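**Q** Each residue of the sequence shown is one higher than the one before, starting from 33 at the first, in this note's numbering.
Hints were generated in silico from the structure; no laboratory data involved. Since we're looking at a predicted model, the values are computed, not measured. Don't take each hint at face value.
In silico BS3-like cross-links for lysine-lysine, where the CA-CA straight-line distance does not exceed 27 Å [said to hold, decoys possible]: (1) 157 / 120; (2) 300 / 269; (3) 365 / 269; (4) 179 / 300; (5) 363 / 269; (6) 363 / 179; (7) 120 / 365; (8) 300 / 202; (9) 120 / 363; (10) 179 / 365.
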Amino acid sequence: MSHYTGDLVLRNGDFSCIQDSVLDGDLYVLTGSVSFSNGCRVNGDIWAAGNVTNNSQNVHITGSITTNGLVSMTANGGTSVGGNISAKGNVTLTNQGSSTATVGGNITSRNSISVGTSWTVTGVKTPNSPTDPVFDPTLAWLLGATKWIDLDNTGWGTTYSATPVCNLVKNNPNPTIASLISTAGTRLVLDFTSCTNNSITIALPNMTVRRDVVIIVKPSARLLVDLSTTIQDDGNKRQLFFVHSDASRAYSSGAPVPNCGNGNQADKFDITANVDANLRVMFYTACGFTGNVSGSLSGQFYTSESPDLRHASYTCKDMSWTGVLDQLGCKIKGAGGISTPTTPPQLAALVYQSER
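With the hints as constraints, model all of the structure from the sequences given.
**A** This is the structure we're talking about:
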């Protein structure tokens, strides 16, 4: 299973909830559909451009469902929706097995509503509604507010130069990357973009992070990160950034887009240990990533495609770096969120983003 804490925004493509996964936050699927496997749970609201379906059992949404598509759910396993269902398409709630299922609020559809006898709907059913579902904020606004951020090796500040930086990724370096990270000091910028390596491997030993750190590799390289040891924070809520530089800042259709520069070789992140919850870790890549992410960690993923966090416990944490990122936050609405009357469309506070 996986456990994700924070609002989750998927700009492109569909969202498929894997078995027994939990999302503590709202789910925003801006151009695709939502499907659920056995035991999936969303402790929040669902906002989707496409269909919302479950063909399995024991699916629970504590909030409401708002969609421009249809809603199709089975009662199997005691499926429940705590709030309202508002759909542009048909709403079909079917019987399956011997379980009873519930909707805690109203059901509204611009088309038909079909509710099986195993379902209890607390509120009012309104088929053939004359109005479309109301999205707050709108999906178009969110697409504008969550545009891709192009990151490379510019703007991070003074880079490490005490020794040739490329020596740090050779055999038996002195000092080591770990020793630099575990030495208290100002922000550490390790810029490996000048190195000739086709891949950069960062494997950290048991250690304590005592400063904010960014590790940057060139677009044409592949980034391999191994956090399979005990990594602690020094109590100051440090930040550890892994940045695979975007290959281009060119816009497409008037917006920034991810540009992978290594021939679409996915980066690799292995996180099999439980990283200190006070340490904030960010993985940024336009190339997507693979690997074994089965431990627990806090921070942010910023990637060109949806990561597989099948066995991970992942908590979104706010992150920032003066000169590069004002703030990447973890909420769309409410205190600290990006959806406020005075906030223009921008990506200034988005936790986790996936773009295909």
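**Q** Taking the hints in turn, state whether each one holds.
**A** Do the hints match the structure? See the list:
no.: 1; hint: 157 / 120; verdict: holds, 14 Å
no.: 2; hint: 300 / 269; verdict: holds, 25 Å
no.: 3; hint: 365 / 269; verdict: holds, 24 Å
no.: 4; hint: 179 / 300; verdict: holds, 24 Å
no.: 5; hint: 363 / 269; verdict: holds, 19 Å
no.: 6; hint: 363 / 179; verdict: holds, 15 Å
no.: 7; hint: 120 / 365; verdict: holds, 23 Å
no.: 8; hint: 300 / 202; verdict: holds, 19 Å
no.: 9; hint: 120 / 363; verdict: holds, 26 Å
no.: 10; hint: 179 / 365; verdict: holds, 17 Å
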